[in-house]
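Asks: Single-letter residue listing:
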Amino acid sequence: MRRRYRDKYHTEVDLPITPMLDMAFQLLTFFIISYHPSAMEGQFNINIMATEQTAGDQQSPTAPASPRVTSQVTPPPVTIIARAGDKGRLESLEIGGLGVDRERGGLIREQAGAEGRAADEAVERMLRNLEKKLFEIKKEQEELVARGGTKDERLLLQAQSNLAWKDAIRILGACRMTRVVTDAKTQSKRVVEAGDPEEVKKQAVPYALFPKVELTQVSGGS
Amino acid sequence: MAAKADVGGEKLDPNLTPLLDVVLQLIMFFMVCVNFASAQYYDIQLPELEHGQEIAAKTGEDLLVINIEVVREDRKDEQGRFVIKQPKTTRVIFLVDKTILASVLGERAVQTDRNKPTAIEFVEKHPDELRPGELDEKAAIEKSYQVIEKVASTYKKRESRRLTRETGKLVEEKDVKELKAPVIIRGDSETHYGLVLALIAKATKEGFSNIEPHGLLSRRR
Numbered sequence: 001m002r003r004r005y006r007d008k009y010h011t012e013v014d015l016p017i018t019p020m021l022d023m024a025f026q027l028l029t030f031f032i033i034s035y036h037p038s039a040m041e042g043q044f045n046i047n048i049m050a051t052e053q054t055a056g057d058q059q060s061p062t063a064p065a066s067p068r069v070t071s072q073v074t075p076p077p078v079t080i081i082a083r084a085g086d087k088g089r090l091e092s093l094e095i096g097g098l099g100v101d102r103e104r105g106g107l108i109r110e111q112a113g114a115e116g117r118a119a120d121e122a123v124e125r126m127l128r129n130l131e132k133k134l135f136e137i138k139k140e141q142e143e144l145v146a147r148g149g150t151k152d153e154r155l156l157l158q159a160q161s162n163l164a165w166k167d168a169i170r171i172l173g174a175c176r177m178t179r180v181v182t183d184a185k186t187q188s189k190r191v192v193e194a195g196d197p198e199e200v201k202k203q204a205v206p207y208a209l210f211p212k213v214e215l216t217q218v219s220g221g222s
Numbered sequence: 001m002a003a004k005a006d007v008g009g010e011k012l013d014p015n016l017t018p019l020l021d022v023v024l025q026l027i028m029f030f031m032v033c034v035n036f037a038s039a040q041y042y043d044i045q046l047p048e049l050e051h052g053q054e055i056a057a058k059t060g061e062d063l064l065v066i067n068i069e070v071v072r073e074d075r076k077d078e079q080g081r082f083v084i085k086q087p088k089t090t091r092v093i094f095l096v097d098k099t100i101l102a103s104v105l106g107e108r109a110v111q112t113d114r115n116k117p118t119a120i121e122f123v124e125k126h127p128d129e130l131r132p133g134e135l136d137e138k139a140a141i142e143k144s145y146q147v148i149e150k151v152a153s154t155y156k157k158r159e160s161r162r163l164t165r166e167t168g169k170l171v172e173e174k175d176v177k178e179l180k181a182p183v184i185i186r187g188d189s190e191t192h193y194g195l196v197l198a199l200i201a202k203a204t205k206e207g208f209s210n211i212e213p214h215g216l217l218s219r220r221r
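Here the protein sequences line up with chains A and B, keeping their order. Heads up: the first sequence begins at 1 in my numbering, then just goes up one per residue. Heads up: the second sequence begins at 1 in my numbering, then just goes up one per residue.
No wet-lab data here; the hints were simulated from the structure. Idealized CB from N, CA, C, for every residue including glycine. Please note that the accuracy of each hint is not assured.
[What the hints assert, rightly or not] Restraint ranges, calculated between C-beta atoms of paired labels, are given here:
1. K132(A) x M31(B): 18 to 28 Å
2. S153(B) x Q26(A): 55 to 65 Å
3. D14(A) x Y42(B): 31 to 41 Å
4. E134(B) x P19(A): 48 to 58 Å
5. M31(B) x P19(A): 33 to 43 Å
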């Protein structure tokens, strides 16, 4: 039935699909080439607040009537002082504070005046160093808490006001989330590096090194 | 040869329509994806975050987004050479309710165009060299403070009303000490710590307890 119907009335419409397909492929190529999925936007799971400066430091001229916030009475046990060069790039990091051993803390410094790629690399090295030190400090704090010490997870970041924000935010990143393994027998926590594949396998859960970061300024000049 | 093909009979007619359908689907996909990622907030050159997490879903309507944009312009240096994309002006762009912005900056200053948001703009120049109408950093920060204050008081009013309704007791605006509304700081990677800190400090002072600096998640881990 159908066959006969078609044969009788059907004039063949020959739609030239090939050129259309060619164009479609052209378009497809264009969009594939220009496809850059932009990086995902992210945030830190740490608590950030601005705080009153320690005695002796002065307000920088860039923050005219910067409001003063009274924080807890005791200063945070760990302090990072970040100084910047003329171009605003990170030049030195000083780790100190009442809760930090002299050996654990100390100054991280790179050759000043680097620019461009060299500056990026210098910052990178300093931050790796800082991460290592913060990790050691946190480990020591955990041990103290396990022996009955009080828990204080605050950290004070004191940076020069002309420090580039991209470097400042990376210092914040060093007070980062990492991973921790809880020992089944003793219930004691052990911090492990996020990159350590052996340790991460053992049910490591995300864990912040310093979940409370207080921010403040240092007056200019080093 | 050709004759043989003719003799051999039927014309080979591959059905291209399904192929075309699929290709068009792919084109649609890539076209949509091209503009998809940057549509969420105002477009800014964010710094890289190394140990960041993906953004948690925001609940509630109260939100304060502070964008700090460094506008780059091509200009000449001292030797007359052309340097491209040099940072020149900085803009602080608040993404909040238009009426709040209008009450601080004036009805006229507030843009209704989403792509051209209202900004507090300042130029990095010595105060004496400023042309009329231009702001220096200090003045811009002062103005930003006013906006943050206004936003905080609006949110506190809202919160006090909510608490009064929930608890049945009268809660006044000044009794609201803490604001849970997230303050999202989206700073350009070229801006400086002092400016960001000043804004964070003001927000902390006004009672905002959730301050979240944003960046781009780095792909190398």
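Asks: Could you tell me which of the hints above the structure violates, numbers in ascending order?
Replies: Violated hints: 1, 3, 5; rest satisfied.
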